[in-house]
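Numbering-wise (this note's numbering), the sequence shown opens with residue 8 and increments by one.
Since the hints were derived computationally from the structure, they do not count as laboratory data.
Among the hints, a few may not be true.
To be verified - Quick list of in silico lysine to aspartate or glutamate cross-link-like pairs, EDC-like style, CA-CA up to 20 Å:
1. K331 with D254
2. K331 with D249
3. K331 with D289
4. K299 with D254
5. K159 with D101
6. K299 with D318
7. K162 with D111
8. K162 with D101
9. K331 with E183
10. K267 with D318
11. K331 with D76
12. K159 with D203
The structure displayed is predicted, hence computed values, not measured ones.
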Amino acid sequence: MSARDHDDSTRPRTGRRLRILLLALAMLAPAALGWVGPATAASTALPTPTSLRVSTFTDPAVLAERLGDVPAASVPAVLAAAGDAFLVRVSLFDGLSPAAYRSDQAVVLSATGPGTLSSTVATMQAGVSSQTFTVSYSAPSPDVRATATVGKGSKSLSATGDPFRVETHLRFLAGEDTSLRSGTAGSDGAGCAVVDRAHPVCGRILLPQGATGGVALSLGDCPATAPCRRGGLVTQLIADLDPSVYDRTRPATMVLVCDKSLCGSGGLRSVVPLWSQDATGDLTPVPSCAAKNVIDAGLEYCADYVSSSRDGAGDSLIHVLFFKDVRGSI
8 MSARDHDDST RPRTGRRLRI LLLALAMLAP AALGWVGPAT AASTALPTPT
58 SLRVSTFTDP AVLAERLGDV PAASVPAVLA AAGDAFLVRV SLFDGLSPAA
108 YRSDQAVVLS ATGPGTLSST VATMQAGVSS QTFTVSYSAP SPDVRATATV
158 GKGSKSLSAT GDPFRVETHL RFLAGEDTSL RSGTAGSDGA GCAVVDRAHP
208 VCGRILLPQG ATGGVALSLG DCPATAPCRR GGLVTQLIAD LDPSVYDRTR
258 PATMVLVCDK SLCGSGGLRS VVPLWSQDAT GDLTPVPSCA AKNVIDAGLE
308 YCADYVSSSR DGAGDSLIHV LFFKDVRGSI
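Construct all of the structure, not just a fragment, from the sequences and the given hints.
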């Protein structure tokens with residue numbers, strides 16, 4: 008079960024929920040393992056496990072504290088940068104029914120990708136069908152999968168969870184943070200002050216009216232399956248935008264700052280953002296806005312090339328306007 012599986016139907020829903028992924032055109036040159044909360048135990052004896060399931064997610068309590076009213080469904084299952092804690096849940100089954108071991112069993116955790124988990128050995132308690140462990144991952148990666156192996160030898164069971172991202176940078180801001188209102192909130196955690204050949208792409212967010220609750224802003228590698236250029240980066244924004252203050256004529260803005268080494272040739276319109284309104288959907292080219300700082304009727308996002316520019320250093324600043332749930336890229 009991932010964080011987005013938790014039911015938020017009883018939670019108040021104020022404003023629109025925003026999930027934005029900006030895939031840029033650039034080259035991006037430990038928590039302890041432990042038992043979290045009570046394991047799921049049975050009141051009567053359970054059958055011996057014949058299979059297991061692995062799920063990875065960020066602690067919902069952490070998300071509630073950091074993001075407030077933003078529902079879990081608007082957040083990726085794992086929201087973490089390298090070294091940040093997240094959860095691995097191991098659930099045991101006999102067919103479709105919960106199962107449990109009659110004695111404690113060793114659990115070995117591993118992960119794909121360039122990094123490693125903070126700890127790799129734990130204990131599955133006797134009599135429990137599900138147990139959750141806290142780990143972190145050591146390196147940024149757009150595609151990490153965690154594997155759990157319970158038991159030893161021919162009777163051991165193993166399973167691998169769904170892929171998840173580990174970001175290079177992740178920060179949480181208050182919805183009223185002045186950097187969001189001024190457009191200086193950068194996905195690198197430093198306002199995109201340094202954009203060069205070694206750090207060629209960064210995203211800045213402008214929310215003129217702020218956001219409801221907290222905001223998450225991150226920067227990480229582009230997924231291998233995404234249609235961005237080699238070495239592309241992802242700027243991710245998760246926020247709750249109030250529809251009474253954000254619409255087609257009063258949009259929010261994401262500015263892609265792209266170093267001249269990548270975006271300096273050709274006209275600005277050759278730098279085409281990619282976008283999706285689904286957190287895991289295919290990314291498609293963003294249409295151009297017909298007028299400055301206005302989203303066309305029938306569109307929910309567009310590239311404002313009138314506002315876009317090249318600065319004195321030759322870097323491109325591409326403006327993308329939005330007002331509701333989207334996922335974007337360049």
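Here's how the hints hold up against the structure:
The hinted pair formed by K331 and D254 meets the criterion: a straight-line CA distance of about 8 Å does not exceed 20 Å. This hinted pair checks out: K331 and D249 have alpha carbons roughly 9 Å apart, not beyond 20 Å. A hinted pair counts as satisfied when its Cα atoms are at most 20 Å apart, and K331 with D289 qualifies at roughly 18 Å. A distance of roughly 14 Å separates the Cα atoms of K299 and D254; the hinted pair therefore holds under the 20 Å criterion.
A C-alpha spacing of about 18 Å is found between K159 and D101, which places the hinted pair at or below 20 Å, so the restraint holds. At roughly 18 Å between alpha-carbon atoms, K299 and D318 fall within 20 Å of each other, so this suggested pair holds. Straight-line distance between C-alpha atoms of K162 and D111 comes to about 14 Å, which keeps the hinted pair within the 20 Å bound. At most 20 Å may separate the alpha-carbon atoms for a hinted pair to count; K162 and D101 meet this at roughly 14 Å.
Restraint check for K331 and E183: satisfied, since their Cα atoms lie roughly 18 Å apart, inside the 20 Å limit. Taken as a hint, the K267 and D318 pair is honoured in the structure, with Cα atoms around 10 Å apart against an allowance of 20 Å. With a C-alpha separation of about 15 Å, the suggested pairing of K331 with D76 holds against the 20 Å cut-off. Of the supplied pair hints, the one linking K159 and D203 is violated, its CA atoms being roughly 50 Å apart against a limit of 20 Å.
Hint violations for this structure: number 12 only, all remaining hints satisfied.
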